[in-house]
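Turn these sequences into a full structure, and let the hints steer you where they fit.
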Amino acid sequence: MNPFDLTGPQFLLFYIIFAGLVLSGLAFWRRRAELSPSTPRIDLSDPYLIAFLRGGEKEVLRVATVTLIDRGLLVRDGPQIKRAEDASPDSVRRPIERALLNKYARAGKVSWMFEDDGLSKACEQYAVTLQRARLIPDDYVYRARLVRLIIATFLLTGVGFTKVMIAIEAGRTNVGFLIVLIIASLVIAAAVSFPRLTESGREMIEDVQSLYRGLRNRASSMNAGGASPTNAGGAGVEPMMLAAVFGMGALAGSGSSYAEGLFRGHDKRRSNSCATDGDCGSSCSSSSSSSCSASSSSCSSGSSCGGGGCGGCGG
Amino acid sequence: MAVRDRFGLGWRAKLALGILSNLDRIDIVEVIADDYFRASHRERRALRTLAAQTPVTLHGVSLGMASSVPVDTKRLDQIARLCDEVEPVSWSEHLAFVRGGGIEIGHLAAPPRSAATVSGAIANLRRAREIVGVSPQMENVATLIDPPGSDRDEATWVSQIIRDSESDLLLDLHNLHANSVNFNFDPIDYISHIPPEQISAIHLAGGKWIGRPNARRLLDDHLHDVPGPVYQLLEEVGARATRPLTVILERDGNFPPVEWLLEQLDLARRAVARGRARRSAAAA
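Protein sequences appear in the order of chains A and B.
First residue of the first sequence: 1, per my numbering; consecutive thereafter.
First residue of the second sequence: 1, per my numbering; consecutive thereafter.
I should point out that these hints are in silico values taken from the structure, not numbers from a laboratory.
Any given hint might turn out to be false.
[Claimed, not checked] Partial chain B-side listing against chain A, Cβ under 8 Å, derived:
(1) 13
(2) 14
(3) 21
(4) 42
(5) 43
(6) 46
(7) 48
(8) 49
(9) 50
(10) 53
(11) 61
(12) 108
(13) 139
(14) 141
Built from N, CA and C at the ideal position, the CB exists for glycine as well.
So, in C-alpha cells, the structure goes:
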C-alpha cells in the first residue's frame, strides 16, 4: 500500500498515526539516550541544588528568599521585601543568600529577583554541578537532542509535504488540515526533544521526593525557621528542604505558609500541579505519601521490628 | 586497601534529612528490606539512588529463618531481587520465627533452642544462600520469655547455627544486654562462645524497663538511647572480633535531634576503638 495514494481524510488519519509513532520514538530515543547507566551521586542535603533540579533558577530564588525571611534576615513589607536592619550579607555562607541580601539592601518588589543577572550568576554553580551529573542537559546533550529533532522534522515534513505536493500537482488545494497537522507535530516534536531535565534528572527528582516523603508528612509541625517538634532532621533546615523538594505549596500549614502567597503572580510559569521536570514553585506531588516511619509505638512498619503489636522489637 | 569498621544508622523516613545531611559522619545506612518488597518501581529506584550516595545494607524482618519450617521461597526471591537491584554491601535477617501453622505472629519470636531449630535454621540459611547468592548475617533476638522446649543456652544455640552454616553473626548488643539482665547470664561469657571471626555486624539500640518492681524486664523497643553497658559490650566485641565491623544504631521512634544520634555513633566509634586498641596491645 502506498500511503500517498490514500484519499485526503484517509491520509490525515495515516499522518496522525505516523506522527504519533515518530513522536513516541523520539521521546523513547531521548529517554534511552539520556538515562545514565549508573545512578549519579549529588549532594542530596543541599536544598538549593535540589531546588534548581526541580524548578531551575527561579525555584532557588524562591527557596532562598523564604529561608532568609524565616531566619529573620529578610523582612516582608507588604508586597515588598527588604533586608533586616541588623542583617549583614557577610552573616551568610551561600553565594545565593549573600546575593539576595545585597539585592534587597533597599526594599523592592519580589519580582525584581527574577530579573537580576547577579542573582542568576549566583545560581550558576548549581547548573554546572547538575550538568556534570548529567541531570540537566549540557552542550553535548543539546546537540544530540537537536540531531534527533532534525531527523524527526525530516520525517514529519518529508511525508507531510510530499503529500501536499502530490495534492497540489493534482490540482487540489484542500491541504490546510494537513499543513496544520505538520506544524502541530513539529511543535510537539520540539517540546518532546527539549525538556528542562534529562531523563536521569527527571528520575532523580522523583527519587529525592520519595526519599524525603517523611518531611512532607509532617509539614504542619514545622515552625518557620525552626525544626519540627521531633527535631529529627537537622534543626532549621527542614522547611527549607521541604520547599526545595516539593515546592512552596508543600509549606502550606507550616510556619512558612506565607511563602506561596509571596510569589503568587510574580512568576507566570508557576503551576500548582507541576510535573517533576517543569519549572514550578508549588506543590509537586510526590510518590506514595504513606509513611513507613514509626510512631511512638514500639513496632511498626519501617522499623527493624518484626511487625505489628508485640512486646518490644526483639530485633 | 584496608577495610575499616563502619558506623551507621537505620534508615527511617523521619531521619532522611538528618542522615543525608551528615554522610560525612555516617559510613553506612541500614534499610528494612521488607518495606520494599511490594514497593513501586519508583520507590525501589529511590532506594538505588540512596545506595549510590552511601553504602547500604538490607535488613530483613519477615523470613523466619530460625524455624524447622522451610523458609518461604517467594520471600527469598523478593530479597534476591532487591539485592540485585540495590547491590547492598550485605544483608541480614533474624534468628527468629515469625509464623507458624500459617499464622503470622507479627513479632520476632525466639524459637525453642533445640537440635530441630538448629538444623532447621541451617537448612534455611543454605536455601537463602542458594537463592540470594550470599548468606545473610544472622541476628540474635531479644525475648521476654525463655523459649519453652529449649535444651541449650542461647550462646550455644547461636554459635552452633552460625558455625555449622558458615554464616556471619549480626550481634545485637542491646538484645544480648536485655536477655542477660532478664535471664541473669553473663553477656561476656556469651560473647566468648561466639567464633570471633564470624562476628561481622553489630546492632545498637535502647529499651525500657517494664513490669512490676520485683519482676522487671528490660524491653528492647528501639525508642531510647543506647545504655552504657551496651557500649561496654561493644568494646568487648571490638577487642575480640577479627574482622571489620559494621555497627548500626537502630532508632524507630521518639526521635531525638539527629546530632544526639550522631553522638551515640561517636560513642560507638570510641568503644570499638578502645576494643581494637586492647586487641593490638594484646597481640604486641
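These are the hints, each one checked on the structure:
1. Interface restraint check: residue 13 of chain B against chain A, minimum CB-CB distance 3 Å, threshold 8 Å, status holds.
2. The interface hint given for residue 14 of chain B holds, since its Cβ lies 4 Å from the closest Cβ of chain A, which is under the 8 Å cut-off.
3. For residue 21 of chain B, the shortest C-beta to C-beta distance to chain A is roughly 4 Å, which falls under 8 Å, so the interface hint holds.
4. About 5 Å separates the beta-carbon of residue 42 of chain B from the nearest beta-carbon of chain A, less than 8 Å, and the hint is met.
5. For residue 43 of chain B, the interface hint holds, since its Cβ comes within 8 Å of a Cβ in chain A; the closest pair sits about 5 Å apart.
6. Interface hint status for residue 46 of chain B: upheld, as the beta-carbon distance to the closest one in chain A is roughly 4 Å, under 8 Å.
7. Residue-level restraint check for residue 48 of chain B holds (minimum Cβ-Cβ distance to chain A is 6 Å; threshold 8 Å).
8. Interface restraint check: residue 49 of chain B against chain A, minimum CB-CB distance 4 Å, threshold 8 Å, status holds.
9. Interface restraint check: residue 50 of chain B against chain A, minimum CB-CB distance 6 Å, threshold 8 Å, status holds.
10. Contact between residue 53 of chain B and chain A, as hinted, is supported at the beta carbon level, the nearest pair being about 6 Å apart and thus within 8 Å.
11. The beta carbon of residue 61 of chain B is positioned within 8 Å of a beta carbon in chain A (closest approach about 5 Å), and the interface hint is therefore held.
12. About 3 Å separates the beta-carbon of residue 108 of chain B from the nearest beta-carbon of chain A, less than 8 Å, and the hint is met.
13. For residue 139 of chain B, the interface hint holds, the least distance from its beta-carbon to any beta-carbon of chain A being 6 Å, beneath 8 Å.
14. A hinted interface residue such as residue 141 of chain B counts as satisfied when its beta carbon comes closer than 8 Å to some beta carbon of chain A; here the least separation is about 5 Å, so the hint holds.
Violated hints for the displayed structure: none, as all numbered hints are satisfied.
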